[in-house]
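We have chain U; now place chains B, S and Z onto it with these hints.
Number of protein chains: 4
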Amino acid sequence: MILRDPVHGLVRFTAPHERVVVELLDTPEVQRLRRIRMLGLASLAFPGAEHSRFAHAVGAAHVMKRYLARMAELEGALGSAATIAPEDAEAAMAAALLHDLGHGPLSHTFEALAGPAARHEHWTRRLLERDGPVRAVLDRRGPGFAGRVVGLVFGRHPVAHLARSVSGTFDVDRLDYLLRDAYMTGTRYGLLDVDWLLQSLRLVPRPDGTGGDLAVDDEKGLSAVEGYFLARLSMYRQVYLHKAVRGAEMVLGGLVRRARALGDVPGPPALRAFLAGEPLTCEAYLSLDDGVLATAIAAWAGHDDPILADLSARFRDRRLFKSLPLADDADPEAARAAAADVAQAQGFDPTYYVAVDRVAVHVLEGAELPCVVRGAVRQDLLEASQLLRSLSQRPFVHHRIYMPETVRAAARERIPGVVGG
Amino acid sequence: MILRDPVHGLVRFTAPHERVVVELLDTPEVQRLRRIRMLGLASLAFPGAEHSRFAHAVGAAHVMKRYLARMAELEGALGSAATIAPEDAEAAMAAALLHDLGHGPLSHTFEALAGPAARHEHWTRRLLERDGPVRAVLDRRGPGFAGRVVGLVFGRHPVAHLARSVSGTFDVDRLDYLLRDAYMTGTRYGLLDVDWLLQSLRLVPRPDGTGGDLAVDDEKGLSAVEGYFLARLSMYRQVYLHKAVRGAEMVLGGLVRRARALGDVPGPPALRAFLAGEPLTCEAYLSLDDGVLATAIAAWAGHDDPILADLSARFRDRRLFKSLPLADDADPEAARAAAADVAQAQGFDPTYYVAVDRVAVHVLEGAELPCVVRGAVRQDLLEASQLLRSLSQRPFVHHRIYMPETVRAAARERIPGVVGG
Amino acid sequence: MILRDPVHGLVRFTAPHERVVVELLDTPEVQRLRRIRMLGLASLAFPGAEHSRFAHAVGAAHVMKRYLARMAELEGALGSAATIAPEDAEAAMAAALLHDLGHGPLSHTFEALAGPAARHEHWTRRLLERDGPVRAVLDRRGPGFAGRVVGLVFGRHPVAHLARSVSGTFDVDRLDYLLRDAYMTGTRYGLLDVDWLLQSLRLVPRPDGTGGDLAVDDEKGLSAVEGYFLARLSMYRQVYLHKAVRGAEMVLGGLVRRARALGDVPGPPALRAFLAGEPLTCEAYLSLDDGVLATAIAAWAGHDDPILADLSARFRDRRLFKSLPLADDADPEAARAAAADVAQAQGFDPTYYVAVDRVAVHVLEGAELPCVVRGAVRQDLLEASQLLRSLSQRPFVHHRIYMPETVRAAARERIPGVVGG
Amino acid sequence: MILRDPVHGLVRFTAPHERVVVELLDTPEVQRLRRIRMLGLASLAFPGAEHSRFAHAVGAAHVMKRYLARMAELEGALGSAATIAPEDAEAAMAAALLHDLGHGPLSHTFEALAGPAARHEHWTRRLLERDGPVRAVLDRRGPGFAGRVVGLVFGRHPVAHLARSVSGTFDVDRLDYLLRDAYMTGTRYGLLDVDWLLQSLRLVPRPDGTGGDLAVDDEKGLSAVEGYFLARLSMYRQVYLHKAVRGAEMVLGGLVRRARALGDVPGPPALRAFLAGEPLTCEAYLSLDDGVLATAIAAWAGHDDPILADLSARFRDRRLFKSLPLADDADPEAARAAAADVAQAQGFDPTYYVAVDRVAVHVLEGAELPCVVRGAVRQDLLEASQLLRSLSQRPFVHHRIYMPETVRAAARERIPGVVGG
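Protein chains in written order, with the working numbering: chain U, 446 to 866; chain B, 446 to 866; chain S, 446 to 866; chain Z, 446 to 866.
So here's chain U without its partners, still in its complex pose (with noise of 0.2 angstroms):
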């Protein structure tokens, strides 16, 4: 299979151990992602922003294989035997496809706003321990297969380097997706170089014979790293914590909660079930989609509660709530009290028209990191980089409260905590 991105440029899956991910493409469970957008709510900011779970889904995958190509690669010149198996790679290029497969509407918009039974690890596990068509073209390459997919996808393998290669710090998951969303925002001049990073690496060989530790070489690799932290940041400043999309964001919450409260609104029966964090089957949770979601709220616009209607008719419409910055440490209490005295003075329920936002964004969030070797010595990445050493003190943090425009405009004096504009 021989297809054309916009991000890779041509992506082929044509060798035998690639085969695997040809025959997942078809699934119904992996053809669902295309119904799911990458970014939420994104687009109403970014208007390229469009694409979908399953564009990344490949693009992981194919970021999977040059992955692997390198790998090979590196162990030739360590002289070792191949410490990755055919099955070994053929596992991996399975589980780059398939590490999202459990998402669901508007990905991680509508999972922050659902809880914990929606979070889509939970979900990506249970569609693949389930009976069903992506689970039969893993069975069918013998037992076992599927288990190591399973464990790949969550981060275990013998080999420590592959253990970390679906989801770590420099994993196909996220190469694919910094890539992408910066270039279907327009963003485009991120620091990713993803050729020069792969050719940066190095394995530094294990006394025990498991395969090598990644590590990344001074010479080359030092500005390829500190890119890929800096692109990361870039990211979270410029588009995923955009202000107006976390007010979308915030408004989708507020009709998430209202419907909640309602207990039965109108809709399909999945969608209903998942809202009221009722238990679900895979079946009805493939059900769900970006579709479906706009389809209901698009309905509940002519709903008879007027607080539902309100802001289904602003989401359709894209009224969104509007924002004031908080200090790093203002305190987010105070803040919401004071604008929630100003929205019930104009006739707004505070717990679905106000809300603050507080994310603190560490540059080197959950990264096992790679150490940095110049010859024969080994540094740790923060004593080798100064870069990352500065970046790495203080969070960046995004911290804004949100209501609808009418209520900023009178509540701006008054809010404790507001910095700037």
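It should be emphasised that the hints constitute simulated quantities derived from the structure, not laboratory data.
Just so you know, not all the hints are guaranteed correct.
Put simply, identical chains are the same to the list, so a pair is met inside one copy or across any two.
Claimed, not checked - With a cut-off of at most 20 angstroms between alpha-carbon atoms, the simulated EDC-like pairs for lysine to aspartate or glutamate come out as follows:
| no. | residue 1 | residue 2 |
| --- | --- | --- |
| 1 | Lys665 | Asp794 |
| 2 | Lys665 | Asp533 |
| 3 | Lys767 | Asp794 |
| 4 | Lys688 | Asp471 |
Okay, now just chains B, S and Z, sitting in the frame of chain U:
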């Protein structure tokens, strides 16, 4: 309003005559275009091609802005008084944004299946004339403004070159979609250079003083114009008529015909009326989008009618019809009959499972061609361009017959007119 | 060795059979190519086009690397034993790097002026055969290796498709220069897609077992091949035959003729011998480059001979000849005679100040065309491609007459055969 | 005049105040910049980086054009009378084009070797003040015009933000070269987004009415400004201080010192005077360029003095010095002494064969930083940007010791302060 776009980079609507675009963007009619994919089913073959009519509408308005700027320059160079009044410029911006307002689910794909009442031009006109949010924005500009916008959308304006700027030969619609579709499909190396094309435009003064006729400068422009027509041809061959994309459309065509034959299929009333060819209110039409259609088709996969159920499941799970190429002049009826026999023998009703697809693309189609000026000399485009003369001699013909994979396997040797693989 | 290249991105020569490239790069003969601009005088019209033969040589070696990788894949698919032995691959890499070794000052520009003894193929051969650093690197690979490299540079090799890979139809030379020249001139939107082109190649097995014939796959490849020929035509029209670039070459032509007529002009002995058409040693030839020529011309601007001095100053300061377009079939002698009269009347010797430039570009020039395969059916390229058939019917003709600006002003109305502006 | 540029696309100088650029482009002083490479010896490590000062000068003028357009917009928004008069805009265009007029062979490389009399600012001033073709173009604009241009080149103008537009923090010089150098070296993924940067500029009105102070808008601009400084740091680390590039410069340094010590080396008189630090006329200076220097060095490879001959041959054939990294705070004298011992033992005179290279790059170097505005609030850039605050705490230090390869092999273990590989 300042946006970022993967195709055009920074997009700004900040001038007074661009304010209308900002207001229109927030109407529900325009926001609905977010839910309609530009290329219908093409993302089945090109995973990146998930962009919507909305992104294209914004892009078309951006190209109009640049077109107007170039025209202002050229009019200045003519020494004539400007013939594009500010209110014309404003109407042109609105017309560029709204030109596709009436598109229905899957853009052209569904339109082709649903008959004349579904033509997007029809619905664009109705949506512009109806008393709704878009019309309210236009009417705020004063009496006559909405009429001017409708005129421009349908190619009428006293200034000849402006009349063709929304829908003509080098219209803003095509300039955006050729670029955007190439970009998003990853078939990126098009010959289309909008900067150079705009730069190579000239205005040849008309004796009657109604502005000038659009021309291109030989030295600079001939290559640009040729590149434009080649880019268009290339997109037809590589994307719009891609055999797998058409294969999906043939499945969709079968299932729509079946749904219509059954008469009473489940689904939202608007969709059922639409399929039945019954008259629709604007509100009902506006409720239709890609998600509504996909949701209905997914439900039909469980329908009692085995044909509707099978075709719906094929569509959802991407088990599309396969094809064989026919000679340009092959007899479509003979081919269809031969395939129908095989289909019937395998238990497939040929009405829904066999289709011949024939499209002839004329490179210069619909083109009121600009003339070419070399100094003071005017020349017809076809006289000046040997390349276009050669290309215009015969259309490019897409001619294939579609059927289920098993039918193809059995029928391959028996269908008359099949060429090659 | 790992390099970065603006055209190809990451360029790696790390495999054993690529080691020869690394060694050759450091020879003085190859390093000299840094001092020779790829496009001669084109940077006068395209300020960015300052790239050297050296950058192109590296790029051609990179494309060869990718070509060899694709051939290995195709041979694997044929099920045949590999026909490209490791030493052939090594020779091919060397040949790609060295194919232009003999270029002299300003590449093709000067070559055209200096007569047959200056042909770069002649000098490439001499430099490959001479006992110098390049030869030493080749000879270290064993007896016969240098001969194999020379054979490949000049189109001879037992494996047919390899014989044409350095200098043929889709040779690595052209694939690099079409991309690089487009990129550096900023005429970037070429239709050339090397990834897609390589991917669409096929090998059709030969009965005699000497490997396969190169073919393209209809479904994938026809567009790619057509795009390649269109890109080539586009570069000729927009860049290689740009009227200002040719205007500079005509000035250079005049001054070289004058210098030769004067016989004894100052300058390095090698340059003087070269101009006089006297035999040169390889060492003398290697001492010539763009800088040496420019330095000499700058000095000649102060020469006693007024013609040489004037032409040299014009060249240095970019007061180039201007041109008028001639009809394809205009009589060049009649045009020249008319312009010569005016030139003479203004005190310009027509021998040096008037020149007719006629170049006919045949789109498929020199092309041993690949066939097209549709499944098992082979077709001639011209049979399969209506576009190329159309284009091959008549060459694109560049026909202009050049002279100083004042002569053009006075002669414009008097030269027979002038068309347009 | 309309040009194409690989970096900026279409470049147009067609407005009345841009006419001066077109006239200046044809002067011999500006044309000479074609013969001087922008990045000196960097093309040794980055084969694509062969662009000249001329291409950069055109690019800087283009960025100035865009800067002036943005300023006109901002002044309009201030409601103030325009403070950039047409003749100021014209002078600014000329200054942008001419800002590097005085660069000598290999740009900064040679300048650093040749002492204070070779500083390009010195020669830019002399060339602008001298009675030559450039001055003639400027003087045709009326008395005082040339003075205004000189003022702008050296940072003086009554309008504060214009004074810094040629040479300041976000000056047109840097904006072009950061983009161009990144593009041509193939280290393309810079964070520099000129569109966004210009768009995020603001003018904060001054009480005294002399226009406004340049600021950036927090919401839009902070990322853009940070990206600019990161791009600059990245170019220093990856390109300007690349160890192989500096290795070439060290060889050149040695041979220049040796040539000076010998006193009377062959070569053009201007070059000999330049090397000897003797005063030069403008005409003599203008005769120097990369080609002249390279020609001389090639000749010196046959010189009687073995040191000059060896270093010249090394330079020509790219047998450059190799290096070892030193700790930031290593004692350079101790390192040099240790390497000198080994060099001497191998027969190399350390004066010419051993060099310590230490450069400290301060991220915010020389920056009169813009303030950041959040609504009505002004903030210092370092206060607003945690990222820049972190980065400004310590300079990035390049510290290496250079010597011939054989010396490095023997000295590696003996040089104090060496870190890593």
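So, going through the hints one by one against the coordinates:
1. Lys665 x Asp794: neither (56 angstroms within a copy, 32 angstroms between copies)
2. Lys665 x Asp533: This pair counts as neither: shortest intra-copy Cα distance 29 angstroms, inter-copy 32 angstroms.
3. Lys767 x Asp794: So Lys767 and Asp794 pass the 20 angstroms test inside one copy only (16 angstroms; across, 56 angstroms).
4. Lys688 x Asp471: Between copies only: 17 angstroms across, 37 angstroms inside.
This entry does not satisfy hints 1, 2, going by the numbered hints stated previously.
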